[in-house]
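**Student:** Chain residues, written in single-letter form:
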Amino acid sequence: MDGVGVAIAETLIKIVRGYLFAGLVFSVPFVIFGIQRVDPSVKGWNVLFRVLILPGLSVFWPLFAVRLVRGKRHPVERTAHRLAAQSASHP
Amino acid sequence: MSVGYKSIQWNRQKLIYDLILWASVAAYIAIFMAVTKGIDSNLDIRGVQIRAYGSAAFLLLHVILSIGPLSRLSPKFHPLLFNRRHMGVTMFFLALIHVVGLNLPGLPLKTTGALTWYHDFGNLDPLVSLFVGNSHYGDFIQFPFEILGVGALAIFFVMAATSHDFWLVNLTAPIWKALHMGVYVAYGLLVGHVVLGALQSNRHPAMTVAVGVGLVWIVGLHLLAGSREIKQDKATLSPSDDGFVDVGTVAEIPDNRAKVVTISGERVAVFKYDGKISAVSNVCQHQNGPLGEGKVIDGCITCPWHGYQYLPDCGASPPPFTERIPTFDVRLAGDGQGPVEDQRIFVRAIPNAPGTHVDPAVI
Ligand code: HEM
Ligand code: FES
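In the order they appear, the protein sequences are chains U and P.
The first sequence finishes on residue 91 if you use the numbering used here, and the numbering steps up by one all the way, no holes.
The second sequence finishes on residue 363 if you use the numbering used here, and the numbering steps up by one all the way, no holes.
Honestly, the hints are just simulated from the structure, not real lab data.
Careful, some of the hints might be misleading.
To be verified - Heads up, simulated DSS-like pairs for lysine-lysine below, C-alpha to C-alpha not over 30 Å straight-line: (1) P:K110 x P:K177; (2) P:K76 x P:K110; (3) P:K177 x P:K295; (4) P:K177 x P:K37; (5) U:K43 x P:K231; (6) P:K6 x U:K72; (7) P:K295 x P:K76; (8) U:K14 x P:K110; (9) P:K37 x P:K259; (10) P:K76 x P:K37; (11) P:K37 x P:K6; (12) P:K259 x P:K14; (13) U:K43 x P:K276; (14) U:K72 x U:K43; (15) P:K6 x P:K295; (16) P:K76 x U:K72; (17) U:K43 x P:K76; (18) P:K295 x P:K14.
What the hints assert, rightly or not - Here are the in silico distance ranges between beta carbons for each label pair: (19) P:I230 x U:L48: 21 to 31 Å; (20) U:A88 x P:L215: 25 to 35 Å; (21) U:L12 x P:L179: 51 to 61 Å.
The C-beta atom is built at its ideal place from N, Cα and C for all residues, glycine as well.
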């Protein structure tokens, strides 16, 4: 393949690597200091649990960064019955 | 349930299933290598290793994709649902070894991956070479089949990385499920990866035929299970003037079990236990498992998928757990007259807020 193709491939790979690396830089302090503010079900100091979620955090870190900044937690899922119960109690 | 996350949820039974899984994988790889070497001893061992791990992952993917529809067709397969996650993570690692090999310090097991073997000669980064080595992107048969593998591996990585319960809660079940539906995209990509790979290296057509048989099996099983589900959901019941729905008789429900009916656009599980009737939303808060296919164990509705529990009369998990599902008002008609078994059960169409206590109807 020509030089342009190689350059495009190299750039894309660099972008993906950079994104994941930035994720890791965010995630390591996050699992130590911030995680309990976003999900109170994270209790105690289970190190293996924190290591297990690191790869996923490196992908989805912007979601957690936004929740951390806004002081929000994860939402509760909405099913047809939950919505119907809600509209029945607040008509 | 969510009273603090555990790292890996192992109990005796799950551990046994995992040990069987890993032993089968190890046996498969050993047999694959022995047989291939037996057929042609001139083959490069590294090529054989790459194919052994790739095919082990692909086969395991067939098992994983079969478990869902099989357990819809028969509850006998429910125990496998518990282990599907560990199978998925195992498959990801097999695929990863297929691609990058295995070379951990201190571990005697060393294998070569496709990335090193095919792309590590020139002065290009092997990863870059992977994308530019074969540039027939506009061609069908000559299409770089390895790129299809890259797509599948990326999907498996995201799925394995989000397999912990933490992700289910924090991404919410619908998004998590949508993400994990990506397994079907990955499967499609892999069918292309394997078939094109075999075609391009002019291998025996048996490989293509085997992939075709697998495809027919997976699609057929899903169509069969899906058509059953659609039939059940079509039979939606509508309420009469007082807002209650006639869901059938007491005799229809076995003790400690439920009858599932569709009301208000979703399934409702009507349970019979201790001479009482209670109705709750059929959807488990964990991963939307079908509560109505579970049993009442120790006084709690127990989800057949991963064992989350709810008290039948209030739809709440027993303390200290905090899950709550919607409940439904129930009543029986014909109280006191005729055989109790013939009493009809009525369920109010409008659900109560999750966790609301409802007096059970006493038979
Ligand atoms: C970056 C991703 C991937 C690359 C670069 C890659 C590379 C290759 C290569 C070069 C072959 C041909 C081997 C040969 O003919 O000797 C192959 C075959 C194969 N790959 Fe992949 N692969 C990737 C991902 C995957 C994934 C994710 C799976 C399955 C889960 C998979 C399953 C297979 C299978 C079943 C074969 C056929 C084995 C056989 O012919 O016996 N590959 N792959
Ligand atoms: S879906 Fe996992 S326990 Fe119900």
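**Student:** List, from low to high, the hint numbers that the structure doesn't satisfy.
**Tutor:** As far as the earlier hints go, 1, 2, 4, 5, 9, 10, 11, 13, 16, 17, 19, 20, 21 are violated by this structure, in ascending order.
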